[in-house]
Amino acid sequence: MKAWLSGLPREKADIVLLLLAAAMVLAPHALHLPPWLSVATAAPLLWRAVITVRGRRQPSLAVLAPLALLGIAGVYASYGTVLGRDPGVALLALLLALKSLEMHGRRDIFVLVFLSFFLLLANFFHTQGILGAAWMLATVLVLLAALLSAQYGAVQPRLAQRLGLLGRMLALALPLAAVMFLAVPRPDGPLWGAPHEGAQARTGLSDSMQPGAIASLALSSEPVFTARFSTPLPPQDQLYWRGVVLGDYDGATWTRRGAKGRAPASDSRIDIALEGPPSHYAVTLPASGQRRIFALDVPRSIERLPGNPYVVSSALEVLTIQPITSTVHYRVSSQARYRLQAKLPLAQQQPWLALPAGSNPRSIAWARALRGSGAHALAPADAIAAVLEHFRHAPFRYTLQPPLLGKHGVDDFLFTTQAGFCEHYAGSFVVLMRAMGIPARVVTGYQGGLRNASDNSLSVRQSDAHAWSEVWLAGRGWVRIDPTSAVAPLRTERNLDAALPAAASPLTAWRALAGLDGGATGALAAWRQQWQQAEQAWSSWVLDTTPQRQRAMLDRLKNLPATTLALACAVLALLSAVVGALAWWRQTRQGDPLDALYLQFCRQQARRGYSRAPHEGPHGYAARLAAGKATPKAHAAIAQFLAIYATMKYGNANPDEQSRARRSLRHLLTQCR
Amino acid sequence: MRWRTIPWLPARPWLGAQRVHIRPSRAGLAFAALLLALWIAAVNYRLGLGYALTYFAAACAIADMLFTSRNLAGLALAATPGKPVFAGSHALFTLRLINRSSRPRHAIGLAASGASAAPGLADIAAHGETAISIGMPARQRGWLNAPAVRLSGSFPLGLFVAWCHWQPDARVLVYPQPEQDAPPLPWPAGTIQQERQPDWPDSPDGTLELAGVRAYQSGDPLQRLAWRQIARHDGEHLFSKQFQPGADAPAGASHGSLMLEHATLHALAPEARLSRLTAWVLQAERTGLPYGLRLGALTLTPALGASQRDACLRALALHDLPQDRTAP
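Chains as they are written, first to last, in numbering that gives the first Met the number 0: chain V, 0 to 672; chain W, 0 to 327.
One or more of the hints may lead you astray.
Some chain V residues flagged as far from chain W (calculated, every beta-carbon gap over 12 angstroms) [unchecked claim]:
1) Val62
2) Met135
3) Leu171
4) Ser205
5) Leu573
6) Ala626
25 angstroms max Cα-Cα, derived SDA-like pairs, lysine to any residue [to be verified]:
7) V:Lys648 x W:Ala32
8) V:Lys557 x V:Ala536
9) V:Lys648 x W:Phe66
What follows is a list of derived Cβ distance ranges for each label pair [as the list claims (entries may be wrong)]:
10) V:Arg53 x W:Ala130: 49 to 55 angstroms
11) V:Leu318 x W:Leu65: 50 to 56 angstroms
12) W:Ser132 x V:Leu598: 54 to 60 angstroms
13) W:Ser132 x V:Leu566: 55 to 61 angstroms
14) W:Leu65 x V:Leu598: 45 to 51 angstroms
These aren't lab readings, by the way, just hints derived from the structure by calculation. The beta carbon of each residue, even a glycine, is placed where N, CA and C say it ideally should be.
Full structure from sequences and hints, please.
Here it is as structure tokens:
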């Protein structure tokens, strides 16, 4: 392969390198582009490679133009539009692939490289992980190598030497880029409009919940936020990060109360009593495009965000006024023991009891029968225990791929399929509670998080998304009930993977194998933890570079003690002096080696008393030296030295002859004394 | 005095960094637009890595700027004097680009103002040198100075163009254009007895024999008119006879020598006189007859050989030119 590559003529090798770069640019896009488009972009590159190697003619514009139109039509068919971010990226990918077939001169190489740069950036719309960055760096290097190779004149050195030159350029460029990255101020927020599509790409909790919504989140290991505790970490089964409270049910979908029309009662005072020791922690929440910030049940105080105040709804949801478009940090203190709205007027209980008429008749009948009526009716706490007992003992299964449910979803789930994810359990539990006349609601948010013992922090991922329920009991207020834990206790005690049955599906088996989820134990888990830490450091250092953070970093620099600063300056000065001296030394040594030898010779003769006059050329000098006093052998050596020097200096010798001549001059120099 | 066509062009053949100019190439301008687009995308979508890519690309461009200028800076330049040529042909200048550093230089373009053909890109190995020849049409006699040269290069990434101007310190002597079909040499009386017997020019005891007949040119002696040929052409065209030394006449054996006199050609225009004298010098050199030249105040005593020829041609080339153009 290597021999074949080195045997390729230069133009062909250049094009193959360029095609490799283009393929590397397009490869990560295959994860997001429609499959047909991935094929449609790979095919022209392959075609061009074959044309190049075989030495065929490139297809004419009459072939390419219909292909391009076909591609545009395909993009339109796939996305429904050719405008916007994702169709735009698809079109650019297509353009890059087709441009490789219509590449003739140096100008086209620039076009191809510049297009590639833009597509590289487009890849960051989807992922900005460490691996993505490493791939980007590798791709940029190949791109630059291809661009560099095209710039040589008639002589092009071997690839290793070209890469060496590129390395010297990068040695200069990388520190420069790092300084720019850290120091160039960044504007806050989008330059125009709101990049609604940017938020669209992010997954997260929404204001509604239908069966399957959270299960799809659970497949994503994308980090949501991290919390760093200054107090001991609470036990795993108390880590309920409250998100959205859903109260309205239409028989299929749970929606946030007041999401349709009515404003949330945010101004009314919330009756809440807190006891026990609080947990203090700081949350780092990357831009989500949503208005939600998360806190552990239940928050006592949340630090205000600069420029973006929040409101707390009566159901204890925390909502900011504006969507969060940059990473935010806030401090929270939460208390695990609380009494929330211990006294709730009957009128305020009503909304949490509503059920759509006619839906799920079997469940409602079953619930009413379970509770009983009149004097034999079960107390609310006993009714709850009875339902949980039912979940525990009936053959319910916890699965990420529940069977499809019919029109009466809760009926189907409770009596037919009996397999579901947390949203099925929470939703049907609330339906049963309401049927029994107990005020209840669904709460969605995140449960648990990956512990990081080294810095006492938790990182919460989309796969930690969870739904549970709250019931209102007279005198105790809203009480959290997690029906999922009745079926899959491990879900709340450990995490999702522990709760899922082993190898329940090929997908979960693959995920476990790939270590995408928190593995249970062993080396894999340790490795995963390391990776998680690295990713967290990565996201806080590289991705999370808001203007505020930049300013904070510069402020920290300003607050450094004077001695440290002086020391740093001294080290820097010393380093630059060393670098400068090195450069000077190299420059002085870099003169023509022939001249250096001549200079050495002249100094040697000067010591003998025959210093060269400034105007004297080698011939005149030779004549004068020949007349001087020396042994015959030295005379011969001197004459030979000057003859060779003059031939090399003023003749037209090739490099080989020159190096041979230098060797003999060095030898003669020892005999001239 | 050192001659320069453009006063500010330095003739010192060493390219300091301060003499290398640099500007973005067209591709560089497109790259700047690309950087702007990348930066806007990074801002609008809050892409941390987008900023990283943008700044990395920008830093590469800055490194490219430095490397592009370094590709030219520090080159030593030298011009080799070219051989004299006749007006109407091309003068060749050989320029030497000498690399005294240990890094090779690549893809250096060289363009000369007024040169007939632009040479390709030059590469210079570490501690090596490259010679580039440029041809200049030599139109006028006298000294022809090497044209101002523009060295340029956009290596390594092509985003910037570095260039510098250089006035090579070399010139080529342009001899006057020899007159085509010049009349035969003006033999002084006594050397050519056969002239008086035009009907038997190839008699064995003569020194010249008839070489042929050609169209009459002003200045041809009337005795040489080829009446027979003129009559054959109805008298509309004049022909004169051409002679050359007979094969039996030993070269240089003739007594005395030929003196080419500028003053005798007063009937011709000044440049035409020089052209004819040039042609005669070449002819005399071929003939092997010692010849001298009297050119205004200057007199070259008759002699034969390449040095005599060059001296005569040089005198003809520089005749009557302003002082600063004749100085050696």
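Give me the numbers of the hints this structure contradicts, sorted from smallest to largest.
Hints 2, 3, 7, 9, 10, 12 and 14 contradicted; others consistent.
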